[in-house]
Amino acid sequence: MNKRLRLFFLVGGLLIIFSCKTTRKAEKPIVIKHGKSLEEIGADMLLKNIHDSAFYGKWISAKASVNATIDNDKNSFNINMRMCRDSAIWVSVSPLLGIEAVRVLLTPDTVRFLDRINHEYKVSGYKLINDLLNSGNLDFEIIQGVLTGNLFAYKKNKFNSVYLEEQSYILSTLSKRKLKRSLEEKDPSKPVIQDFYVDGNTFRITKLAIDDQRIQKSLLTEYSGFKETPEGYFPYKSVTHLKAEKDITIEIDYTKVSVGEILEFPFSIPKNYKESR
Numbered sequence: 661m662n663k664r665l666r667l668f669f670l671v672g673g674l675l676i677i678f679s680c681k682t683t684r685k686a687e688k689p690i691v692i693k694h695g696k697s698l699e700e701i702g703a704d705m706l707l708k709n710i711h712d713s714a715f716y717g718k719w720i721s722a723k724a725s726v727n728a729t730i731d732n733d734k735n736s737f738n739i740n741m742r743m744c745r746d747s748a749i750w751v752s753v754s755p756l757l758g759i760e761a762v763r764v765l766l767t768p769d770t771v772r773f774l775d776r777i778n779h780e781y782k783v784s785g786y787k788l789i790n791d792l793l794n795s796g797n798l799d800f801e802i803i804q805g806v807l808t809g810n811l812f813a814y815k816k817n818k819f820n821s822v823y824l825e826e827q828s829y830i831l832s833t834l835s836k837r838k839l840k841r842s843l844e845e846k847d848p849s850k851p852v853i854q855d856f857y858v859d860g861n862t863f864r865i866t867k868l869a870i871d872d873q874r875i876q877k878s879l880l881t882e883y884s885g886f887k888e889t890p891e892g893y894f895p896y897k898s899v900t901h902l903k904a905e906k907d908i909t910i911e912i913d914y915t916k917v918s919v920g921e922i923l924e925f926p927f928s929i930p931k932n933y934k935e936s937r
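All letters in the sequence shown, in the order written, are residues 661 to 937 by the working numbering.
Hints were generated in silico from the structure; no laboratory data involved.
Predicted model only: the values in this text are computed from it and were never measured.
Check the hints yourself; a few may be wrong.
[To be verified] Taking lysine to aspartate or glutamate pairs in the EDC-like style, the calculated list, with each CA pair at most 16 Å apart, reads:
#: 1; residue 1: 723; residue 2: 921
#: 2; residue 1: 787; residue 2: 769
#: 3; residue 1: 877; residue 2: 855
#: 4; residue 1: 903; residue 2: 791
#: 5; residue 1: 931; residue 2: 775
#: 6; residue 1: 903; residue 2: 733
#: 7; residue 1: 887; residue 2: 913
[To be verified] Across the chosen pairs, the derived CB separations fall in these ranges:
#: 8; residue 1: 818; residue 2: 936; range: 35 to 41 Å
#: 9; residue 1: 922; residue 2: 820; range: 36 to 42 Å
#: 10; residue 1: 820; residue 2: 862; range: 20 to 26 Å
#: 11; residue 1: 882; residue 2: 767; range: 24 to 30 Å
#: 12; residue 1: 826; residue 2: 716; range: 53 to 59 Å
#: 13; residue 1: 882; residue 2: 928; range: 35 to 41 Å
#: 14; residue 1: 736; residue 2: 784; range: 42 to 48 Å
#: 15; residue 1: 770; residue 2: 930; range: 33 to 39 Å
#: 16; residue 1: 732; residue 2: 767; range: 33 to 39 Å
#: 17; residue 1: 906; residue 2: 770; range: 21 to 27 Å
We put the CB at the ideal spot given by N, CA and C, even for glycine.
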């Protein structure tokens, strides 16, 4: 497998992790009817509402088809994903022919990677992911937070304010006054901007935006195709844009998602595999 194709599969698998949410068997598509304008609320109240509406399933499995673009190169593949909250995230990536090409296992302190085509493996800390994505700050907690649709603080940010935008609340790390916000956005001493866009009726996160000005990198994930389930609202489609040294776009279409069944995370390194350099 050449390095470009390997990058597609691994980045795709990892950004799937950064883009998906989970629940039980889906029911009917959700149609949200917006009524009167949203009332202003503070950051503490919005945080409570978001946490009350979040998913906290321990065991999660999913299947999806993926379209990935890295700079101007495009590729498509399928993934199987499994997760045990706070313990493990497992992803198997296959080309459309169905043969597994890459397997990834994340735990709180370790990244394990198998290249089935070249018979190679890699075991390391999160430097592997951060070097690959040129990000520098991703860890298990952040990945799991995006995976489950729960809030997380990038670089231990504090959420200071809430803005209103049509029928959404925006929970932000910036100050509330728009003039001050505009100045902060251009201030190099305030390098990280993190916003969560939250539906005013369901309190589900519909968009996540992170702009790290110091290292000139940004992440934007948008969710759509929401369906109502016994455990809340689930987005069956998502698009993630990562701007760094490479421009990466990942489009995900979920075909199956389930919660509750105890899972295994098979990962063994065959004796004939060589360590990837």
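Results for each hint:
For a cut-off of 16 Å, the pair hint linking residue 723 to residue 921 stands: about 15 Å separates their Cα positions. Taking the CA atoms of residue 787 and residue 769, the gap is about 10 Å. The hint holds against a cut of 16 Å. Between residue 877 and residue 855, the direct Cα distance comes to roughly 15 Å. Compliance with the 16 Å bound is thereby established for this hinted pair. A C-alpha spacing of about 14 Å is found between residue 903 and residue 791, which places the hinted pair at or below 16 Å, so the restraint holds.
Of the supplied pair hints, the one linking residue 931 and residue 775 holds, its CA atoms being roughly 13 Å apart against a limit of 16 Å. For the proposed pair residue 903 and residue 733, the alpha carbon gap of about 15 Å is at most 16 Å, so the pair holds. Among the hinted pairs, residue 887 with residue 913 is consistent with the structure: their alpha-carbon atoms are about 13 Å apart, no more than 16 Å. At roughly 38 Å, the beta-carbon separation of residue 818 and residue 936 lies within the given 35 to 41 Å, and the hint holds.
Taken as a hint, the range 36 to 42 Å holds for the pair residue 922 and residue 820, whose Cβ atoms sit roughly 40 Å apart. At roughly 23 Å, the beta-carbon separation of residue 820 and residue 862 lies within the given 20 to 26 Å, and the hint holds. Taking the beta carbon of each, residue 882 and residue 767 are about 28 Å apart, inside 24 to 30 Å as hinted. Our hint of 53 to 59 Å for residue 826 and residue 716 is violated, since their Cβ atoms are close to 29 Å apart.
Our hint of 35 to 41 Å for residue 882 and residue 928 holds, since their Cβ atoms are close to 37 Å apart. Checked against the hint of 42 to 48 Å, the pair residue 736 and residue 784 fails, with Cβ atoms roughly 28 Å apart. For the hinted restraint 33 to 39 Å between residue 770 and residue 930, the CB-CB distance of approximately 19 Å leaves it violated. Under the hint 33 to 39 Å, the C-beta atoms of residue 732 and residue 767, about 34 Å apart, fit the expected range.
Separated by about 25 Å at the C-beta atoms, residue 906 and residue 770 satisfy the suggested range of 21 to 27 Å.
Hint compliance for this structure: hints 12, 14 and 15 are broken, all remaining hints hold.
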